[in-house]
Amino acid sequence: MINRDTERYHAFTRRALLLGAGKLALFSVLAGRLVWLQVVEQEKFQTLSDKNRISLRLVPAGRGEIVDRFGVPLAINTRNFRAFIVPEQTQDIEKTLDRLSKHIPIPPEDRAAVLGEVGQHRPFTPLLVRENLTWDDMARVEVHIPDLPGVSVEEGEMRSYPLGAATAHIVGYVGRVSQAEIDAVNKPDPVMTIPGFRIGKSGVEKQYDEILRGQAGKVQAEVNVVGREIREINSLPAVKGTRLSLTLDADLQSQCQDFIAREKSASAILMDAHTGEVYALCSHPAFDPEIFSKGIPADLWEELLSSDAHPLTNKIVSGQYPPGSTFKMVTALAVMKAGISPQATVYCPGHYMLGRGKFHCWKGGGHGWMDAVQAISQSCDVYFYEMANRIGVDAIADMARELGLGSRLGFDIPGEGTGLVPDKDWKRRRRNAIWNPGETLNTSIGQGDVLATPLQLATMTARLVNGGKAVKPVLVRAIDRIPVRENVWPDLKLHPAHLRSVRRGMEAVVNERRGTGYGARIQEEGFEMGGKSGTAQVRRITDAMRAQGIKNEDLPWKFRHHALFVAYAPIHQPKYVTAVVVEHGVGGSKAAAPIARDILLAAQKRDPRKNRHQNGEE
Amino acid sequence: MPGLARDRMSLVDRLFAINWSFLLLLTMIAGIGFASLYSAAGGHFDPWAGKQMARFALGMAGLIVTAMIDIRIWRKLAYPFFGFVCLLLLWVELKGHIGMGAQRWINLGFMQLQPSELMKVATVLALARLFSGATPDDVRNPLFLLLPLGMIAVPVGLVLSQPDLGTALTILMVSGAMFFLAGVSYWMFGLALAGVAAAVPLSWMFLLRDYQKKRVETFLNPESDPLGSGYHITQSKIALGSGGITGKGFLEGTQSRLNFLPEKQTDFIFTLFTEEWGMVGGLGLMALFILLLAYGYVMAFQSQNQFGRLLSAGILSNFFFYIFVNTGMVMGLLPVVGVPLPLVSYGGTVMLSVLFGFGLFMSAYVHRDTKRQGMD
Numbered sequence: 001m002i003n004r005d006t007e008r009y010h011a012f013t014r015r016a017l018l019l020g021a022g023k024l025a026l027f028s029v030l031a032g033r034l035v036w037l038q039v040v041e042q043e044k045f046q047t048l049s050d051k052n053r054i055s056l057r058l059v060p061a062g063r064g065e066i067v068d069r070f071g072v073p074l075a076i077n078t079r080n081f082r083a084f085i086v087p088e089q090t091q092d093i094e095k096t097l098d099r100l101s102k103h104i105p106i107p108p109e110d111r112a113a114v115l116g117e118v119g120q121h122r123p124f125t126p127l128l129v130r131e132n133l134t135w136d137d138m139a140r141v142e143v144h145i146p147d148l149p150g151v152s153v154e155e156g157e158m159r160s161y162p163l164g165a166a167t168a169h170i171v172g173y174v175g176r177v178s179q180a181e182i183d184a185v186n187k188p189d190p191v192m193t194i195p196g197f198r199i200g201k202s203g204v205e206k207q208y209d210e211i212l213r214g215q216a217g218k219v220q221a222e223v224n225v226v227g228r229e230i231r232e233i234n235s236l237p238a239v240k241g242t243r244l245s246l247t248l249d250a251d252l253q254s255q256c257q258d259f260i261a262r263e264k265s266a267s268a269i270l271m272d273a274h275t276g277e278v279y280a281l282c283s284h285p286a287f288d289p290e291i292f293s294k295g296i297p298a299d300l301w302e303e304l305l306s307s308d309a310h311p312l313t314n315k316i317v318s319g320q321y322p323p324g325s326t327f328k329m330v331t332a333l334a335v336m337k338a339g340i341s342p343q344a345t346v347y348c349p350g351h352y353m354l355g356r357g358k359f360h361c362w363k364g365g366g367h368g369w370m371d372a373v374q375a376i377s378q379s380c381d382v383y384f385y386e387m388a389n390r391i392g393v394d395a396i397a398d399m400a401r402e403l404g405l406g407s408r409l410g411f412d413i414p415g416e417g418t419g420l421v422p423d424k425d426w427k428r429r430r431r432n433a434i435w436n437p438g439e440t441l442n443t444s445i446g447q448g449d450v451l452a453t454p455l456q457l458a459t460m461t462a463r464l465v466n467g468g469k470a471v472k473p474v475l476v477r478a479i480d481r482i483p484v485r486e487n488v489w490p491d492l493k494l495h496p497a498h499l500r501s502v503r504r505g506m507e508a509v510v511n512e513r514r515g516t517g518y519g520a521r522i523q524e525e526g527f528e529m530g531g532k533s534g535t536a537q538v539r540r541i542t543d544a545m546r547a548q549g550i551k552n553e554d555l556p557w558k559f560r561h562h563a564l565f566v567a568y569a570p571i572h573q574p575k576y577v578t579a580v581v582v583e584h585g586v587g588g589s590k591a592a593a594p595i596a597r598d599i600l601l602a603a604q605k606r607d608p609r610k611n612r613h614q615n616g617e618e
Numbered sequence: 619m620p621g622l623a624r625d626r627m628s629l630v631d632r633l634f635a636i637n638w639s640f641l642l643l644l645t646m647i648a649g650i651g652f653a654s655l656y657s658a659a660g661g662h663f664d665p666w667a668g669k670q671m672a673r674f675a676l677g678m679a680g681l682i683v684t685a686m687i688d689i690r691i692w693r694k695l696a697y698p699f700f701g702f703v704c705l706l707l708l709w710v711e712l713k714g715h716i717g718m719g720a721q722r723w724i725n726l727g728f729m730q731l732q733p734s735e736l737m738k739v740a741t742v743l744a745l746a747r748l749f750s751g752a753t754p755d756d757v758r759n760p761l762f763l764l765l766p767l768g769m770i771a772v773p774v775g776l777v778l779s780q781p782d783l784g785t786a787l788t789i790l791m792v793s794g795a796m797f798f799l800a801g802v803s804y805w806m807f808g809l810a811l812a813g814v815a816a817a818v819p820l821s822w823m824f825l826l827r828d829y830q831k832k833r834v835e836t837f838l839n840p841e842s843d844p845l846g847s848g849y850h851i852t853q854s855k856i857a858l859g860s861g862g863i864t865g866k867g868f869l870e871g872t873q874s875r876l877n878f879l880p881e882k883q884t885d886f887i888f889t890l891f892t893e894e895w896g897m898v899g900g901l902g903l904m905a906l907f908i909l910l911l912a913y914g915y916v917m918a919f920q921s922q923n924q925f926g927r928l929l930s931a932g933i934l935s936n937f938f939f940y941i942f943v944n945t946g947m948v949m950g951l952l953p954v955v956g957v958p959l960p961l962v963s964y965g966g967t968v969m970l971s972v973l974f975g976f977g978l979f980m981s982a983y984v985h986r987d988t989k990r991q992g993m994d
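Protein chains in written order, with the working numbering: chain A, 1 to 618; chain B, 619 to 994.
Please keep in mind that the hints were generated in silico from the structure rather than gathered at the bench.
Quick caveat, the model's predicted, so the values are computed rather than measured.
Take these hints with a grain of salt, some might be off.
Unchecked claim - Lysine-lysine pairs mimicking DSS-like chemistry, simulated, CA-CA at most 30 Å apart:
| id | chain 1 | residue 1 | chain 2 | residue 2 |
| --- | --- | --- | --- | --- |
| 1 | A | K51 | B | K832 |
| 2 | A | K472 | A | K575 |
| 3 | A | K493 | A | K590 |
| 4 | A | K44 | B | K694 |
| 5 | A | K337 | A | K358 |
| 6 | A | K590 | A | K558 |
| 7 | A | K240 | A | K337 |
| 8 | A | K218 | A | K240 |
| 9 | A | K44 | B | K832 |
Just chain A, same shape as in the assembly:
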């Protein structure tokens, strides 16, 4: 029996040692695996682990302010309050919303939107209930917070425009980012995808969106498996957007907007003849830009889109009109440059015959003998027909381009129209046709195919009165309080005597009894202006209408002529130029000139050189 047990003991020991060795071998496999994972592949898994736990959250930066030349705010961020609800912190979200609605109105659609979102997010994600709450709303909710589990009121920023509609077209507005806007950018700024983030949609807000937007802050947070933030690891503060100082003068801008608001649809620009700085740029009708920041109601949007006065269009930069008689200075200068003396006269019998074509002067009875200055001041069409016929359209077109017409000026807000300066080459290229001499005559008085934006007309006027410098409109004065380098405008090499003649003509337009704009002259001494009216035909004046004596103002509004006026002041040392267009305003001198007068008078009276009102920035 001892033997049997000894045999079993030996067998057991052998087998147990074998088994133990096997187990040790398996342990070394495990140890090898552990070393493989934790040493060889450590880096890879470290990365994966960090990817698991670290989430990057963006904190939008405060949008840069936009101020006028004196620092008067045009676009600022105001505090607004938003009510949020965190679903997991309330037992019954519907009941809590009911209670909340006793303190702040919650429209049924907002309520439905909140309830609809409940299931779509993590229970700890705050859901936006109401935006744009006032201080009083906030206070009311805060007082009742104990009864409103899960509700919180947070302070946010809202873009607001102190001047309201007056700067709607130039400063523009901001709005929520659309998918199309994200798609349009090559590498979209990640901040654009934050719900409720707003970007510039028009005007300066759009043009300078990138620098106004600032640099979003970044918060690196540790999150758990369901995405709840556990703690902040690292944060990079947001950098507020750039402060943009415009050349605008808030006061003049407002006044200007009021002046043009007398008409149904009009626009006006006031700029510096020498520097190109734009003091005011208005388009009427306008809209409340804050409505866009808040989110515009559909019916209002529809109304704005369908209105025949185009309230969403900035007519100064985007509106293109036949310049009419405001173009006559261009023709006059071209004529003089072609070597024809300003004293050379043309007899106006009230019409001009080109071959068998009869071209009417606006004054049926004729002007008699006209030289360049008289032709401008009395706006005699026949003088320009005759002279244009002599020098040809290309000379006129060249001069028009020199003065800034026919191409974009590179202005600082989007949507600039190009205008059109027709010539022989253009006709061949675009219409595949030979230039017709009659078209030269139409072109010479700013009709036919000529098109210009009010911005171009103001620029043209500035070049005429600043001694022939190729000035361009300028809108930005300083970026982050660092002044933008002043431009030195190239000389157009126009003959001073020719420019003098043109200016004499423009002086006479308003200051001589026979001038077309005499009625709108500035009578205060030292503030006198010079200018030129223009009437752009919307519909051709037919012989039948002439025969029947149908007046343009009798036609339906949308068929009436556009009224234009370009002007400068003061006459002896021109500083300000303006261009005014009253859509369907019938006559330039009647509808547009008074507005130009009011603007120039307001500008000169506000001129810091004559007015001690100063605010540091100027």
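We have chain A already, so just place chain B on it with the hints.
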């Protein structure tokens, strides 16, 4: 005559005969478990570490009591105990059919008892009893082996029908170790392995449930379904791997603290531990396990009777398979089969049944000089 003296050992003698340094090793491993559970709860004793410590204390007391009961009594109780646990399994099985879905435990009020865990110990006990009563010739006789094979078929069948593949395989492996230690011929193991190789495709087609197949599939390619069934393995590997050589530090394991690691307090506690303590900690824990097993074998060799030797080696093998399957699983070497890390993972039944197993082991050690008398 030490043998005779042992027969009349007083309680105090037996208490002193217990190998306290072995128990110290057990406590060290359990201590690592407490620390890990404390960390799993984010630095709190609640809800896991505290309970686990209480259970360990209870289990330790049970171990000591078990160790002091004469080995011959355990030998007598081997078959009844085996039968009793089989009945418990059957009861759970029937209750599962009547109630809802697969139920694997019996509610004892203070804990939920999983009979399948107890079954592993019962099997070791019963097989030790069976083989210790057999002659070497019996063991070499294939016909004789039908008896133990038939015996283990009962619990394996019951556990499989729960269905709990992991436990069934563990019982099979432990039984295999018992067969091996008892001296069953090598060629029979060769035959058995060949049989298994043949059975794998068959069981794949007829035996395995869909979720079990899914586990095997995701084990073979966890990246194929990183958010679904492969999630456990992927996250476990990330946690483990990111621990590096020295680990992220106690209470600093991000994968577990932020709940990326599922089942961190039970099956994946090894991952939690190695994420925080790194390779140094992981190898250290393995070294403790190896030390425990080696020491255990040394103790087993000292037993003067075949029952004690087989029982001891069986308990140690059972312990080893737990460790191997669990760590292999969390490191992506084996499919996820739901086997805990003994003494470390949170869980009452495993803790108590493992400690009960070591109680039997210790009883064999305390009564190591018991010979033949009433043993064969």
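Hint check:
{"no.": "1", "hint": "A:K51 x B:K832", "verdict": "holds, 27 Å"}
{"no.": "2", "hint": "A:K472 x A:K575", "verdict": "holds, 14 Å"}
{"no.": "3", "hint": "A:K493 x A:K590", "verdict": "violated, 34 Å"}
{"no.": "4", "hint": "A:K44 x B:K694", "verdict": "violated, 56 Å"}
{"no.": "5", "hint": "A:K337 x A:K358", "verdict": "holds, 27 Å"}
{"no.": "6", "hint": "A:K590 x A:K558", "verdict": "holds, 18 Å"}
{"no.": "7", "hint": "A:K240 x A:K337", "verdict": "violated, 53 Å"}
{"no.": "8", "hint": "A:K218 x A:K240", "verdict": "holds, 13 Å"}
{"no.": "9", "hint": "A:K44 x B:K832", "verdict": "holds, 26 Å"}
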